[in-house]
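Residue numbers (the working numbering), protein chains in the order written: chain A, 73 to 192; chain B, 201 to 495.
The reader is advised that the hints may include incorrect statements.
[Said to hold, decoys possible] Pairwise CB distance ranges, derived in the manner of DEER restraints:
1) B:PHE226 to A:ASN179: 42 to 50 Å
2) A:THR139 to B:LEU286: 18 to 26 Å
3) B:GLN225 to A:ASP125: 32 to 40 Å
4) B:VAL327 to A:MET187: 22 to 30 Å
5) B:GLU338 to A:TRP160: 41 to 49 Å
6) B:ASP227 to A:ALA120: 46 to 54 Å
7) A:ILE110 to B:TYR336: 30 to 38 Å
8) B:THR333 to A:TRP160: 36 to 44 Å
9) B:ASP227 to A:LEU112: 39 to 47 Å
10) B:TRP346 to A:PHE174: 29 to 37 Å
[As the list claims (entries may be wrong)] In silico SDA-like cross-links for lysine to any residue, where the CA-CA straight-line distance does not exceed 25 Å:
11) B:LYS328 to B:MET318
12) B:LYS349 to B:HIS266
13) A:LYS153 to B:GLU230
14) A:LYS153 to B:ILE341
15) B:LYS328 to B:MET249
16) B:LYS328 to B:TYR261
17) A:LYS153 to B:HIS465
18) A:LYS153 to B:PHE226
19) A:LYS153 to B:HIS266
20) B:LYS328 to A:LEU117
21) A:LYS153 to B:LYS328
22) B:LYS312 to A:ILE137
23) B:LYS328 to A:ALA109
24) B:LYS312 to A:LEU112
25) B:LYS328 to A:PRO100
26) A:LYS153 to B:LEU229
27) B:LYS328 to A:ILE116
28) B:LYS456 to A:VAL98
29) B:LYS312 to A:MET106
30) B:LYS349 to B:TRP332
31) B:LYS312 to A:ALA177
32) B:LYS312 to B:LEU325
33) B:LYS312 to A:PRO100
34) A:LYS153 to B:LEU238
35) A:LYS153 to B:GLN232
36) A:LYS153 to B:LEU234
37) B:LYS456 to B:SER236
38) B:LYS456 to B:ILE315
39) A:LYS153 to B:GLU247
40) B:LYS456 to B:ILE445
Since the hints were derived computationally from the structure, they do not count as laboratory data. This one's a predicted model, so the numbers in the text were calculated from it and none came from an experiment. Ideal placement from N, C-alpha and C gives every residue a C-beta, glycine not left out.
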Amino acid sequence: MSAIDQPYSHSHGSATGHGHANEPHVMPLSLYYMIFAILLALLILTVAIAEFDLGSMGLAVAMIIATIKAILILMYFMHVKFSPPLVWVFSTAAFAWLVLLFVYALNDYFTRMWMDVLGK
Amino acid sequence: VSAPTASPAAPAHHDTADETILLHQFDDLEQQELSSTLGMWAFLATEVMFFGGLVFAFFLYRNQYHDQFVDASSHLNVWLGAFNTLVLLTSSLTMALAVRAARLKQRANAVKLLIATMVFGTAFLGVKAVEWTTDYHEELIPGIRWNWKGPAGAHHGAGPAHETAAEKRAETATGNDPTPDEGHVPRHPTLSPGFSPGLVGPTENPDYTVEMSKTSDGNKAQMFFVLYFFMTGLHAIHMIIGIAIVAVIAFLTWNKWLSGVGATHIEMIGLYWHFVDIVWVYLYPILYLISMHKS
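With these hints in hand, go ahead and build the complete structure from the sequences.
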């Protein structure tokens, strides 16, 4: 119990700057508007970049921009940045399992032609 | 039912009726809130896998049927999609502000922002409905109304200027050598006949083209729209569920039914709403933007 409580209380205290457990963490309004402005800028950027033929890099660039947007939403709108470590573990695990799915499935698709196996 | 009392002018309104009640199974309010947050994140983790499988299937087919997917994607309206992304990002902002208002115990403000979130969410679905109606009229709905006429603009003035991406690839691949550069060494000389190419692209195996030609361009383009409707449809179902839950929570917050439970309900629907927003952040570029430089 204390193993969960202690890092939580610690991070909560350091993130909010005060020790009152009942006071919820609140970000300033300007930070919300700034994140929103960055998200809109990234939306314009991803449409603008799509105008150019980047070949196979096009998808990678679009995915990098989308991931930056997703991380901004996760960190600030979903408050993960100001959440206790256990929330970090849960939210990261969600995407870590997705990476496992992609890596092992691609592992299969990339290597299917390497050997002459019946029934593939 | 009484009218909302808290106003934005009075941010930290500490009414005793608004104090969060600690349920007996929890040590303190922090643990109580953490339990809800972790439960929601466990659910969102399953949602990530749910959408992730579809996105992975899309990536595989996008590699295998790249040119047909580019042609199919040219039927989607990039600007309607961008507008919808803008609408959904704005709804995420209002939802984040609603959570902030709820944490500051600004009840009336939270209700207003929840309603704004619903309005933007409904606007998103409205635009989506317009897009799907257009798809219906253009006969782009697999299984219901499907008639492939090539990429967008090709059937207006047929000519070499409107050559499809699939045709371009076919021309460069004429003859026995599908690769234009000379002295090309086959990457996989032991390739067996009938091998499905997956991610490796064209090979020099003659059986490869025979095998692939069995699937017409129309069928490959149809695969794009199957995945398009599955992904956007699943996303729209999540939006409808989200709007309904936001409506219920906005009403229960307004009539003080949720007094004493803190901001937890609004925080949890906020997490869900932002997650659905993140899904669209990925769907928009992979579905709409793959054909822009060709159009």
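Against the structure, the hints:
1. Taking 42 to 50 Å as the suggested C-beta distance range, the pair PHE226 of chain B and ASN179 of chain A conforms, at roughly 43 Å.
2. Checked against the given bound of 18 to 26 Å, the beta carbons of THR139 of chain A and LEU286 of chain B, roughly 19 Å apart, stay inside it.
3. Checking the proposed 32 to 40 Å range against GLN225 of chain B and ASP125 of chain A shows it is violated: the Cβ atoms sit about 59 Å from each other.
4. Under the hint 22 to 30 Å, the C-beta atoms of VAL327 of chain B and MET187 of chain A, about 49 Å apart, miss the expected range.
5. A C-beta distance of roughly 45 Å is found between GLU338 of chain B and TRP160 of chain A, which places it inside the suggested range of 41 to 49 Å.
6. In this structure the supplied range 46 to 54 Å holds for ASP227 of chain B paired with ALA120 of chain A, their Cβ-Cβ distance being about 51 Å.
7. Evaluation of the 30 to 38 Å hint for ILE110 of chain A and TYR336 of chain B yields a pass: the beta carbon distance comes to about 37 Å.
8. Checked against the hint of 36 to 44 Å, the pair THR333 of chain B and TRP160 of chain A passes, with Cβ atoms roughly 43 Å apart.
9. Separated by about 42 Å at the C-beta atoms, ASP227 of chain B and LEU112 of chain A satisfy the suggested range of 39 to 47 Å.
10. Roughly 30 Å separates the CB atoms of TRP346 of chain B and PHE174 of chain A, a value that falls within the hinted 29 to 37 Å.
11. Between LYS328 of chain B and MET318 of chain B the CA atoms are separated by roughly 15 Å; this keeps the pair inside 25 Å, and the hint holds.
12. For the suggested pair LYS349 of chain B and HIS266 of chain B, the alpha carbons sit about 17 Å apart, so the restraint of at most 25 Å is met.
13. Restraint check: the Cα-Cα separation between LYS153 of chain A and GLU230 of chain B comes to about 16 Å, which is no more than 25 Å; the hinted pair holds.
14. A hinted pair counts as satisfied when its Cα atoms are at most 25 Å apart, and LYS153 of chain A with ILE341 of chain B does not qualify at roughly 42 Å.
15. Pair hint LYS328 of chain B plus MET249 of chain B holds up; C-alpha atoms about 24 Å apart against a cutoff of 25 Å.
16. With a C-alpha separation of about 24 Å, the suggested pairing of LYS328 of chain B with TYR261 of chain B holds against the 25 Å cut-off.
17. Under the criterion of a C-alpha separation no larger than 25 Å, the hint pairing LYS153 of chain A with HIS465 of chain B is consistent with the structure, at around 20 Å.
18. At most 25 Å may separate the alpha-carbon atoms for a hinted pair to count; LYS153 of chain A and PHE226 of chain B meet this at roughly 24 Å.
19. Between the alpha carbons of LYS153 of chain A and HIS266 of chain B the distance comes to roughly 38 Å, so the proposed pair goes past 25 Å and is violated.
20. At roughly 22 Å between alpha-carbon atoms, LYS328 of chain B and LEU117 of chain A fall within 25 Å of each other, so this suggested pair holds.
21. Note on LYS153 of chain A and LYS328 of chain B: the hinted pairing is violated, with a Cα-Cα distance of about 32 Å set against a maximum of 25 Å.
22. Between LYS312 of chain B and ILE137 of chain A, the direct Cα distance comes to roughly 32 Å. Violation of the 25 Å bound is thereby established for this hinted pair.
23. For the suggested pair LYS328 of chain B and ALA109 of chain A, the alpha carbons sit about 24 Å apart, so the restraint of at most 25 Å is met.
24. Pair hint LYS312 of chain B plus LEU112 of chain A holds up; C-alpha atoms about 23 Å apart against a cutoff of 25 Å.
25. Distance restraint check for LYS328 of chain B and PRO100 of chain A: the Cα-Cα separation of roughly 33 Å exceeds the 25 Å cut-off, and the hinted pair is therefore not satisfied.
26. Between LYS153 of chain A and LEU229 of chain B, the direct Cα distance comes to roughly 20 Å. Compliance with the 25 Å bound is thereby established for this hinted pair.
27. A distance of roughly 20 Å separates the Cα atoms of LYS328 of chain B and ILE116 of chain A; the hinted pair therefore holds under the 25 Å criterion.
28. At most 25 Å may separate the alpha-carbon atoms for a hinted pair to count; LYS456 of chain B and VAL98 of chain A meet this at roughly 22 Å.
29. Restraint check for LYS312 of chain B and MET106 of chain A: the C-alpha separation of about 21 Å stays at or below 25 Å, so the hint holds.
30. For the hint pairing LYS349 of chain B with TRP332 of chain B, the CA-to-CA distance comes to about 17 Å; that is within 25 Å, so the pair holds.
31. Among the hinted pairs, LYS312 of chain B with ALA177 of chain A is inconsistent with the structure: their alpha-carbon atoms are about 45 Å apart, more than 25 Å.
32. Of the supplied pair hints, the one linking LYS312 of chain B and LEU325 of chain B holds, its CA atoms being roughly 20 Å apart against a limit of 25 Å.
33. For the given pair, LYS312 of chain B sits about 19 Å from PRO100 of chain A by alpha-carbon distance, which is consistent with the 25 Å threshold.
34. For the hint linking LYS153 of chain A to LEU238 of chain B, the alpha-carbon distance of about 15 Å falls within 25 Å, and the restraint holds.
35. Between LYS153 of chain A and GLN232 of chain B the alpha-carbon distance is near 19 Å, which keeps this suggested pair within the 25 Å criterion.
36. Restraint check for LYS153 of chain A and LEU234 of chain B: satisfied, since their Cα atoms lie roughly 14 Å apart, inside the 25 Å limit.
37. The hinted pair formed by LYS456 of chain B and SER236 of chain B meets the criterion: a straight-line CA distance of about 20 Å does not exceed 25 Å.
38. Distance check on the hinted pair: LYS456 of chain B and ILE315 of chain B sit about 16 Å apart at the alpha-carbon level, within 25 Å; holds.
39. A threshold of 25 Å between alpha carbons decides the hint, and for LYS153 of chain A with GLU247 of chain B the separation of about 21 Å falls inside it, so the pair holds.
40. Annotation: proposed proximity of LYS456 of chain B to ILE445 of chain B holds, straight-line Cα distance about 16 Å (limit 25 Å).
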